[in-house]
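As they're listed, the protein sequences go chains A and B. Quick note: the first sequence uses the numbering used here, first residue 1, plus one each step. Quick note: the second sequence uses the numbering used here, first residue 1, plus one each step.
Treat the hints with caution; some may be incorrect.
[To be verified] If you only want the chain B side, here are some residues facing chain A, beta carbon under 8 Å, derived:
| no. | residue |
| --- | --- |
| 1 | L30 |
| 2 | L36 |
| 3 | S44 |
| 4 | F81 |
| 5 | L130 |
| 6 | G280 |
| 7 | G334 |
| 8 | L364 |
[What the hints assert, rightly or not] Quick look at which bits of chain A chain B covers, simulated, 3 or more residues with Cβ under 8 Å:
| no. | region |
| --- | --- |
| 9 | 9 to 21 |
| 10 | 143 to 154 |
In case anyone wonders, no lab produced these hints; they're calculated from the structure. Backbone N, C-alpha and C fix where the C-beta goes; we use that ideal spot for every residue, glycine too.
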Amino acid sequence: MNVSELTLLVLRIGFLLLLWMFIFGIVYALRSDLFGQRVRKLTTDAAAPVPAFPVAAAPAAPVPRATPAAPDVPGAASGLATSQNTTRLVITSGPKAGTEFPLGADPITIGRSADSSLVIRDDYTSTHHARLMLWNDEWMLQDLDSTNGTFLAGARVTVPTKIPLNATVKIGATSFELRR
Amino acid sequence: MSKASAQQARQTPVTQPVRRLHLPQKLRNLELFLLLIACFINASAVVLVQLGALGEIDTTLVLLGAGLAVLVIGLHVVLRFVARDSDPFILPIATVLNGIGIAMIYRIDIADQDSGWESAAVRQTVWSALAILSAIVVLLVIRNHRVLFRYTYIFGFLGVVLLFLPLIPGLGREVSGARVWIGFGSFATFQPGEIAKIALAVFFAGYLVRNRDSLSMVGKKFLGARFPRLRDLGPILVVWALSMSVIIFQRDLGTALLYFGLFLVMLYLATGRLSWVIIGLSLFLGGALLASQTLDYVNGRFTNWLDALNPDVYEARGGSFQLVQGLFGLAKGGLLGTGWGQGRPEITPVPQSDYIIASLGEELGLAGIFAILALYLLFVARGFRIGFAGQDDFGKLLAVGLAFVVALQCFIVIGGVTRVIPLTGLTTPFLAAGGSSLVANWIIVALLLRLSDTVRNQPRLVI
């Protein structure tokens with residue numbers, strides 16, 4: 001069998017194209033890792049309470065600190081959330097208000113990326129926004145350098161902070177509480 | 001049970017529990033799709049070699065290539081059962097690299113007219129089979145990477161023993177100057193240092209997780225970086241002494257650089273201190289410069305690198321002939337290469353192991369080399385990504401360490417062949433002919449797959 005020069009040339013370029021198509025196929029398949037998850041626009045009523053530049057609003061945030069925590073369930077101020085007294089995470093506002101899921105001993109990551117435990121897909125949340133973890137048996141909230149911040153009982157979280165039971169953690173239009 | 005749940009529902013009437021969703025194995029299906037493309041690429045590489053070099057298609061190695069395809073699909077099936085959430089890209093990438101390597105080795109066999117058991121491609125295929133089987137065993141045995149954390153110091157001991165095994169008289173073999181092989185009689189040589197890099201990565205990860213506080217917290221600030229106390233320099237000095245003894249006794253610059261670089265990067269990751277990198281690099285550069293002045297073979301490597309195109313160096317015994325032939329090959333390849341089977345890579349000494357990148361560059365051209373580098377980049381990036389997503393520090397360090405060791409090995413070999421750094425003998429991961437390297441790298445694949453499976457948590461709730 002005699003193979004012509006032209007055939008070999010075509011096959012040679014074809015092979016390189018095949019190799020590169022494989023590479024671009026992989027890159028396309030992992031695009032969400034490279035460029036972040038697709039953003040879902042907030043509906044108007046959910047977006048309303050969020051100011052245009054939340055970062056600018058952050059310094060003002062500590063002022064209303066006492067107000068959201070106070071009217072909560074009795075005993076809220078006293079108890080910190082520990083692995084013993086906390087069993088579930090309840091979403092209290094946002095598109096999925098009312099849903100809950102049980103808490104184990106594993107850390108809970110929150111963000112827009114698909115490998116987060118709690119995925120929040122709005123344009124307010126960062127890819128890796130915050131995480132909840134057990135530290136000395138107490139639940140801690142850590143902000144992972146998110147763009148728009150994580151708020152615990154109205155105050156912006158800058159260092160890992162212990163979470164009181166039933167205190168509101170707010171990320172964008174979504175807020176949740178740790179409950180007994 | 002229904003009573004209890006009803007009671008709970010009464011307590012909090014606004015909430016409804018969410019059950020974990022059962023998702024179809026999307027990741028595994030994606031992996032299967034990519035694997036099929038990978039096997040197609042491998043098969044077409046072998047066919048093109050036969051068309052280019054022999055002008056006809058026979059079925060010998062196509063059958064062997066099918067063996068490789070069956071094995072990787074077997075690995076994929078195993079993953080469906082024991083690690084269903086593992087990363088879907090690692091396996092196809094490793095498969096393509098391995099297959100391209102086999103095709104190139106086969107092409108050089110044709111040029112050297114080796115066949116049967118003499119043929120390096122047949123041996124490489126058998127080694128690939130062994131390597132993939134050992135990857136399957138690792139996946140089946142290690143169900144959770146934290147098991148490795150428990151045996152940190154055993155792995156450290158194992159790593160050092162494996163590293164120095166070739167120095168035992170009667171067991172060690174010397175191949176082209178470097179004493180990094182072991183063999184029994186004339187039969188089955190093996191490079192234990194390749195396995196040692198995995199053991200050492202596990203050891204470094206475990207050790208640093210246990211001891212990083214003293215390495216990262218204390219120290220004096222000097223010139224904007226916090227430098228460690230003198231007594232905390234112990235570990236880095238031990239590893240430095242280890243690498244220096246590899247340079248002196250085993251006469252292997254590349255392996256020493258590989259282990260020391262691995263330790264340095266993991267130390268930097270664990271402590272986040274730039275001063276460790278500064279200290280480590282100056283230690284190693286100092287040691288290497290000293291070695292280049294005192295040890296003949298290191299000195300020769302430096303001369304070959306700096307003055308490669310000098311006719312005296314080119315024609316000297318142990319001179320830069322090989323390096324320059326590789327460069328000529330790369331130049332002949334140009335942008336698109338001469339095509340599979342149509343170059344003359346066999347002129348360069350050892351074109352199927354150390355110089356496989358030059359051989360591939362000749363036949364696939366710059367476009368092909370960049371494709372291969374892109375595959376390595378994606379592989380390493382997946383490893384880093386697994387480390388980034390990890391929840392526990394040991395897993396994070398181990399994933400990044402294993403990925404980095406592949407990256408550094410690529411840099412040392414490909415940098416040496418392309419004359420970016422002095423040439424040192426290491427194998428190109430997955431591509432080069434050599435059983436021990438294949439086994440080690442496929443075990444790395446298995447460990448990364450295992451880590452990515454334990455690391456990836458399914459979302460509990462999507463808003």
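Checked hints:
1. L30: holds (6 Å)
2. L36: violated (11 Å)
3. S44: holds (6 Å)
4. F81: At about 21 Å, which exceeds the 8 Å cut-off, the nearest Cβ of chain A leaves the hint on B/F81 violated.
5. L130: violated (26 Å)
6. G280: Since the shortest Cβ distance to chain A is 28 Å, the answer is violated.
7. G334: violated (12 Å)
8. L364: holds (7 Å)
9. 9 to 21: Since 9 is at least three, the answer is holds.
10. 143 to 154: It is violated, with 0 qualifying residues against the three required.
Hint check: violations occur at hints 2, 4, 5, 6, 7 and 10; the rest are consistent with the structure.
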